[in-house]
Amino acid sequence: MLTNLVPGDPAAANLGQRAIEDPAAVASFRERYGLDKSLPEQYAIYVWRLLHGDLGESQQSRLPVMTELGTFIPATAELALASIFLAAVIGISLGIVAAVRQNRVEDHLLRVVSLVGISAPTFWLGLVALYVFFFRLDWLPGTGRLDPQFAEPERKTGFFTIDSLLEGEWGTAWDAARHLILPATVLALYNVGLLTRYTRSAVLEVITQDYVRAARAKGIPEHRVILRHVFRAALPSVITVLGLAFANVMTGAVLVETIFSWPGIGQYAYRSATTLDLPAIMGVSLFVAVTYITVNFVVDVLYGVIDPRIRVT
Amino acid sequence: MSEAYASEARLETRRRRVLGMLGRQPLALLGGAVVATWVVVAVCAPLIAPHDPLDQSAPPLQGPGATYLFGTDELGRDVFSRVVWGARLSIPLAVLLVSLAVAVGGVLGAIAGYFGGVVDGIIMRATDLVFAFPAIILAMVVTAVLGPSVRNAVLALVIVSWPAYARVVRGLVLSVGQADYVTAARLLGAPARRALVRDVLPNLAGPVVVLATLDLGNAVLLLSGLSFLGLGAQPPRPEWGAGVAEGIQYFQFWWIGTFPGLAIFTVVLAFNFLGDSLRDILDPQSSGRERRGMQ
Numbered sequence: 001m002l003t004n005l006v007p008g009d010p011a012a013a014n015l016g017q018r019a020i021e022d023p024a025a026v027a028s029f030r031e032r033y034g035l036d037k038s039l040p041e042q043y044a045i046y047v048w049r050l051l052h053g054d055l056g057e058s059q060q061s062r063l064p065v066m067t068e069l070g071t072f073i074p075a076t077a078e079l080a081l082a083s084i085f086l087a088a089v090i091g092i093s094l095g096i097v098a099a100v101r102q103n104r105v106e107d108h109l110l111r112v113v114s115l116v117g118i119s120a121p122t123f124w125l126g127l128v129a130l131y132v133f134f135f136r137l138d139w140l141p142g143t144g145r146l147d148p149q150f151a152e153p154e155r156k157t158g159f160f161t162i163d164s165l166l167e168g169e170w171g172t173a174w175d176a177a178r179h180l181i182l183p184a185t186v187l188a189l190y191n192v193g194l195l196t197r198y199t200r201s202a203v204l205e206v207i208t209q210d211y212v213r214a215a216r217a218k219g220i221p222e223h224r225v226i227l228r229h230v231f232r233a234a235l236p237s238v239i240t241v242l243g244l245a246f247a248n249v250m251t252g253a254v255l256v257e258t259i260f261s262w263p264g265i266g267q268y269a270y271r272s273a274t275t276l277d278l279p280a281i282m283g284v285s286l287f288v289a290v291t292y293i294t295v296n297f298v299v300d301v302l303y304g305v306i307d308p309r310i311r312v313t
Numbered sequence: 314m315s316e317a318y319a320s321e322a323r324l325e326t327r328r329r330r331v332l333g334m335l336g337r338q339p340l341a342l343l344g345g346a347v348v349a350t351w352v353v354v355a356v357c358a359p360l361i362a363p364h365d366p367l368d369q370s371a372p373p374l375q376g377p378g379a380t381y382l383f384g385t386d387e388l389g390r391d392v393f394s395r396v397v398w399g400a401r402l403s404i405p406l407a408v409l410l411v412s413l414a415v416a417v418g419g420v421l422g423a424i425a426g427y428f429g430g431v432v433d434g435i436i437m438r439a440t441d442l443v444f445a446f447p448a449i450i451l452a453m454v455v456t457a458v459l460g461p462s463v464r465n466a467v468l469a470l471v472i473v474s475w476p477a478y479a480r481v482v483r484g485l486v487l488s489v490g491q492a493d494y495v496t497a498a499r500l501l502g503a504p505a506r507r508a509l510v511r512d513v514l515p516n517l518a519g520p521v522v523v524l525a526t527l528d529l530g531n532a533v534l535l536l537s538g539l540s541f542l543g544l545g546a547q548p549p550r551p552e553w554g555a556g557v558a559e560g561i562q563y564f565q566f567w568w569i570g571t572f573p574g575l576a577i578f579t580v581v582l583a584f585n586f587l588g589d590s591l592r593d594i595l596d597p598q599s600s601g602r603e604r605r606g607m608q
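In the order they appear, the protein sequences are chains A and B.
If you're matching positions, the first sequence starts at 1 in the numbering used here and goes up one per residue.
If you're matching positions, the second sequence starts at 314 in the numbering used here and goes up one per residue.
I should point out that these hints are in silico values taken from the structure, not numbers from a laboratory.
A few of these clues could be false.
[Said to hold, decoys possible] Using C-beta positions, here's what the derived DEER-type ranges look like: (1) A:L244 / B:P405: 44 to 52 Å; (2) B:G376 / A:I45: 57 to 65 Å; (3) B:A349 / A:D54: 52 to 60 Å; (4) A:V89 / B:L367: 45 to 53 Å.
[To be verified] To be clear about the criterion: a stretch of chain B counts as covered by chain A if any three or more of its residues have a C-beta under 8 Å from a C-beta of chain A, and this derived list gives those stretches: (5) 449 to 455; (6) 575 to 581.
All C-beta atoms, glycine included, are put in the ideal place defined by N, C-alpha and C.
Model the full assembly from the supplied sequences, consistent with the hints where possible.
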């Protein structure tokens, strides 16, 4: 998998290089970033440095890309995990309800709800949420990760909520959590729609099987049948979609982080793309690809955990 | 000759049956009506819009009212007129984008499935590559490299969206190509091209149409998303995503961004209603809804 993905990087660099050379044409600049060397050479150098944990230096900030990624990734991770958790809880529950009440009012209603979820533009939802809950009602903070009166907690996990709890700073933790609510919810809506649909069809595939009827015939209460017998069997498909949800969150993060001034990888990606900061773009791409592979790997491992038949002995 | 006529007629009745069933689905009807309305709005934009979308002579930041239905933006332009003119950009572009993606993906997928081997390997690795990145990040890099403009945004999104079609078409070409009746036809000496056109192509239509309809909504979302980020349509062109971006800057004046966003939302929702209903009819198993007697 990794070998398939890595060749994308020189291609991306190749595309950008022409654009950079053309207007700037500063020899020293090119020398500094090794752009005066031939492409295979550049690629070899890049890979060599990569193996030593060096992603090069951002042309924008002149800081090592690795350092920058290190500061931005935790912010996005905190947002993404909160959002996926929210989406999983809501989406999976709604999907089960829709399947159990197949072709009834609830099912039809939830079909519309999930289509609305995948149709509403994330950036527009962000605007509406900001206007209603921050500007009008003033229930929740609008932008950033913390109000200015709170000091950033000392960095341990990079998650403000967890770090400040570890320090015993309850006020800071509460404020960080409140800052999470709006962006995480906006980011979750698309995945709620997606998870509702896929959970529904996964559950439906199982619910008509004989062993489910047998379980019911034994007199097992319905909620137990659904959770223990049906949902457990539907879980592998649901996990697959959860993996997909991660990719969606990365896409949404670019938009949501821009709107809510969330200092994460999405904003960084946007900034580096618009300024054509190649080392940074490649750093982000690499991070995204690695995340993608890791998520797929975790999904594969989870299959085995859920379904003993898949387990490799 | 008569044989060709018969298969034509078979396709025709099938098409009619699909349309008939679509008519009985309330969501499909609603979606179709909304799409039709937007198409009319796009075509008749100059007649519908009460003001010039670029004209800055109105009082700025007026709330919605009788003269300015959706209010005016910070430069004194009529938001309603801009939303109406925005349809002229977003809808044709979405159709263009999806057609290009279907064409590129379809051809590459058919080639991969038909020839197999190294060609197949190369094309499939290319799809893996695109799938490994979130669409908007890849599109962002491509438009940033090519320079922000509507044309480049469409180009970037074609690069992002062709692999889905390539995979579907490849899979279908593979599965149909191995069917007994195709082998039989080949043994009888029929050229492979004939099998592709007569046996494979009709089987592709259903899945590709479903995918394309759902993708139209996605295309509108992604295009406006790029414009929202400043990588698509450039000001002062009236575009929905750019309108929402404007609204974020002046978010106290809710009408500037809300109405363009609502336009995107309704179009995308309508396409999804249509696509979802189509999938129900053409591929009942995948949605788990009851079969409605399609063959």
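List of violated hint numbers, smallest to largest: As far as the earlier hints go, only 1 is violated by this structure.
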